[in-house]
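J.: Given next are the chains, with one letter for each unit.
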Amino acid sequence: MRPTAARFSDMPGPKVYNLWWGDKTGTLRQKGITTYTISPYQTKTAPHWARNYLFNFYRRIGGELLFFGIPFALGYATYAWAKKHDAYMNSKAGHIAHGSHEE
Amino acid sequence: MRLLKSHVLLRLFNSYVVDSPQPANLSYLWNFGSLLAVCLIIQILTGAFLAMHYTPNVDFAFNSVEHIMRDVNNGWIVRYTHANVASFFFIFVYMHIARGIYYGSYKSPRVLVWSIGTIILILMMAFLNYGPKCTNTYFENLIAFLGYVLPYGQMSLWGATVITNLLSAIPVFGQDLVELIWGGFSVSNATLNRFFSLHYLLPFLLAALALGHLIALHVHGSNNPNGVTSSGDRYAMHPYFIFKDLVTIFAFFLILSIIVFFYPNLLGHSDNYIPADPMVTPASIVPEWYLLPFYAILRSIPNKLLGVIAMFGSLLILLILPIADLSRIRGSQFRPAMKLAFWFFVVDFIILMWIGSQHPNSPYVEIGQISTAFYFAWFLIIVPAIGIVENTLMDIATES
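Going line by line, the protein sequences match chains A and D.
So for the first sequence, the numbering used here puts the first residue at 1; every next one is plus one.
So for the second sequence, the numbering used here puts the first residue at 104; every next one is plus one.
I should point out that these hints are in silico values taken from the structure, not numbers from a laboratory.
Here the structure is a predicted model, which is why all the values come from computation and not from measurement.
Take these hints with a grain of salt, some might be off.
Derived, one-sided and incomplete: chain A residues facing chain D with beta-carbon distance under 10 Å [as the list claims (entries may be wrong)]:
#	residue
1	A46
2	A50
3	Y58
4	L66
5	F68
6	G69
7	I70
8	P71
9	L74
10	M89
Where is the CB? At the ideal position from N, CA and C, for every residue including glycine.
Throw the hints in and build the complete structure from the sequences for me.
T.: Here it is in structure tokens:
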């Protein structure tokens, strides 16, 4: 008996579209799944990457700018303020203004 | 039928890395899985060679590491590679998790994949850190933790002391538990020896869990950037995705080489080049960079027991994401509010990492406390709230 027999009932169905451990039915013959094959001579991992890096990458990242720009700006503002405040609290002026109980 | 598809073992290989149909629209953010597999293999190989020359004894550990660095042929490459790949391991793990959060990869039907991943993360935190502890004379985080102890330097010893002491916060039997783990009344030879043993053993457990992660993934297949089914457009794993994975693997090798050959101690702590000394406490005890966010969460809560609970809770809370995300849409691609919330979470994580490296003074303490509160609120309030609002707006818009 093959070791996967116990799980055979879990084979591809409406929610299962990958093979279970080495199923014999063949990877490409499942119902409802379309797989395209590319000739190795046509396969390009990063076609036009230099051009895309300059233009498409910039366009796509630019489109997301608001979503990460606002949080990172707030985060950096917090970082800058804390550094400045800590330096002040450890300075002579800070000690005079707030007492010397601060470390 | 080709042997690759009929042989009992080869067809397994075939269905995972040759013919396996993958969504055609996977972006480069789906490359971290293969990078993590490469990291694990590198760590196990370099670790095995290090173990051939390392001596897990408090009197010899530090010197045996220096012996590896100076006398063993190319030992310095092996050790620096092991130490730096550990850092890359965590960089990739964090990116891998962030990808999962952003694209809703944790949602049903991939809850098991997500849960196994969380267990892998906790194990990495807990046990990898024994290594550096063994290298100095003392011990720091569990696999990462276990590894950090191995050189038995100052940060190894005191890191181990701090981290293992956390367990003493457990009521009633905490102190007994800590002494049981130490094998004595302080971090000692017995501790170093057992940390080394566990540091060698646990990566194999990690490898087994990673296989479980893959098996669970292959039941339903990979998620994709759009979050909808990709059954209509797939490429076989080989050749397209194999070569796409190789692009980032070689990029990783390039960057790793630059760091190992030119900046090998960039991510380490200089105190670990001082042999461990139980009589001298370092000016500040700082964990490895990848543990800093969790260290910040621990320190932001004044009560020791609650701090320890919060620290472990901050990892375990990842498990509730599949339940907490109430949105009907998978992933953030078409959910602007969730995109914004995601990046706030990322920034919060980076802030916690920074706070963990600072002395516990004002204003760092307060920033750490606010960031900790935000961290938990993100999972418990923000994510469910965004889901409810989106679903409601969708219902209103489609009612007529």
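J.: Against each hint, give a clear statement of whether it holds in the structure.
T.: We went through each hint and held it up to the structure:
no.: 1; hint: A46; verdict: 6 Å, holds
no.: 2; hint: A50; verdict: 14 Å, violated
no.: 3; hint: Y58; verdict: 16 Å, violated
no.: 4; hint: L66; verdict: 8 Å, holds
no.: 5; hint: F68; verdict: 4 Å, holds
no.: 6; hint: G69; verdict: 8 Å, holds
no.: 7; hint: I70; verdict: 7 Å, holds
no.: 8; hint: P71; verdict: 4 Å, holds
no.: 9; hint: L74; verdict: 7 Å, holds
no.: 10; hint: M89; verdict: 7 Å, holds
Checked against the numbered hints given earlier, this structure breaks hints 2, 3; the rest are met.
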